[in-house]
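Trainee: Here is what each chain is made of, one letter per residue.
There are 2 protein chains.
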Amino acid sequence: MSPIRGYVFDAYGTLFDVHSVVEAGREVTSDPATLSATWRQKQLEYTWLRALMGAYVDFWVVTESALRYTIRRLGLSATEDQVRRLMEAYLALACFPEVAAALERLAGRPRAVLSNGAPKMLEAAVTGSGLTGHLEHVISVDRVKTYKPSPRVYALGPETLGIPAGELLFVSSNGWDVAGAKAFGYRVAWCNRTGAPEEELGARADVVVGTLDQLPG
Amino acid sequence: MSPIRGYVFDAYGTLFDVHSVVEAGREVTSDPATLSATWRQKQLEYTWLRALMGAYVDFWVVTESALRYTIRRLGLSATEDQVRRLMEAYLALACFPEVAAALERLAGRPRAVLSNGAPKMLEAAVTGSGLTGHLEHVISVDRVKTYKPSPRVYALGPETLGIPAGELLFVSSNGWDVAGAKAFGYRVAWCNRTGAPEEELGARADVVVGTLDQLPG
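Sequences listed follow chains A and B, in order. Using this note's numbering, you'd call the opening residue of the first sequence number 1 and step up by one each time. Using this note's numbering, you'd call the opening residue of the second sequence number 1 and step up by one each time.
These are computed hints drawn from the structure, not numbers from a lab. Hints may be right or wrong, so weigh each one.
No copy is singled out in the list; a pair is fine if it fits within one copy or between any two copies.
In the DMTMM-like style, the derived pairs of lysine to aspartate or glutamate whose C-alpha atoms are separated by at most 25 angstroms in a straight line are [stated by the list, open to error]:
#1 LYS120 x GLU200
#2 LYS145 x ASP58
#3 LYS145 x GLU45
Just chain A, with the same shape it has in the complex (with noise of 0.2 angstroms):
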């Protein structure tokens, strides 16, 4: 098999603990783990569904309209300032521990995140984070105006790398992403932090890892 020449790293879950807005949620109930857990599931729904409407708006957009949906939802009650608070989560997100140094082992060949995110969203996250060294590339799907799992999305890694798919990785912590990639051409590792099961969609991971520093060099 020929060699990995390049890293492409989803953003959400993968990177960046998005579980980390459970603090935020704590001004406006008493279970923001529910909350965070409930906005997480609609976000993604919300880009699923708006991608076969041909209906894009950008993630920020996404993220506040599955925010409210929840807030109304799970029966809470929230100020502007409380939602414009909870967005700004967001913005602030932390990355997992291990992710500067796992990025660092590999530099030397290109490290891109692709992601659903905003390109503000990312830029904040990829700068808050201390990431900007450790990676060449953020390619936000804002540039396609659609979402994953299209191949139009996944479609950017190639382009921007100047690489092949099949020589690149791809690297998700989420299952339907990985089946994506995966049916797209990339070799792709699930990184599985939560012990989830398999997606039952048709492709599979070339490798499962726990965190980011077991990825093959």
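Please arrange chain B on chain A, whose structure you already have, making use of the hints.
Mentor: What follows is chain B alone, placed relative to chain A:
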């Protein structure tokens, strides 16, 4: 506003009670409601994901994949016979109690089903619940090999009935389906059987009813 010249109904959750599969679940779990709800959620996710990936398989295959995922996700075990019996519950769904009379009241204008269901699944559900004489058209997404809310699916309604979407009433109990049909151009009734909160997808139903006998005639 122009009069309504025909009706297009979603099937699962709108005409047919998907949660009647709960009973079949008692054989493999003491909490069949969670099995049924998780299975349904995953089934929808897989339609969205496969449609976006361009990796269509029919709804029977998606439904079985979602069931197998759900069994693993919930830490259950099931024999192949039990999986088969759970799947067969989809061939023997009950319709909601008011459906036959509600369809009868709308007779004289074409009444269609437009559903994610595979042709054999729709035929079994329509025949088994005695609705054959109340429906002029049963349309499966299988004709276009993708899933709702793709506009290619919604286009099958006007094409089959020969009536513009703006003169058809699309009826669904699924909020995301309501948004998809409205964005396509139908007039839309949301049959909100469960008091669900409205989705935040930028398109609203023209009318909201609790059961199908409240539809505008």
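Trainee: Hint by hint, note whether the structure agrees.
Mentor: Quick rundown of the hints versus the structure:
no.	hint	result
1	LYS120 x GLU200	between (33 angstroms within a copy, 22 angstroms between copies)
2	LYS145 x ASP58	within (8 angstroms within a copy, 27 angstroms between copies)
3	LYS145 x GLU45	both (16 angstroms within a copy, 21 angstroms between copies)
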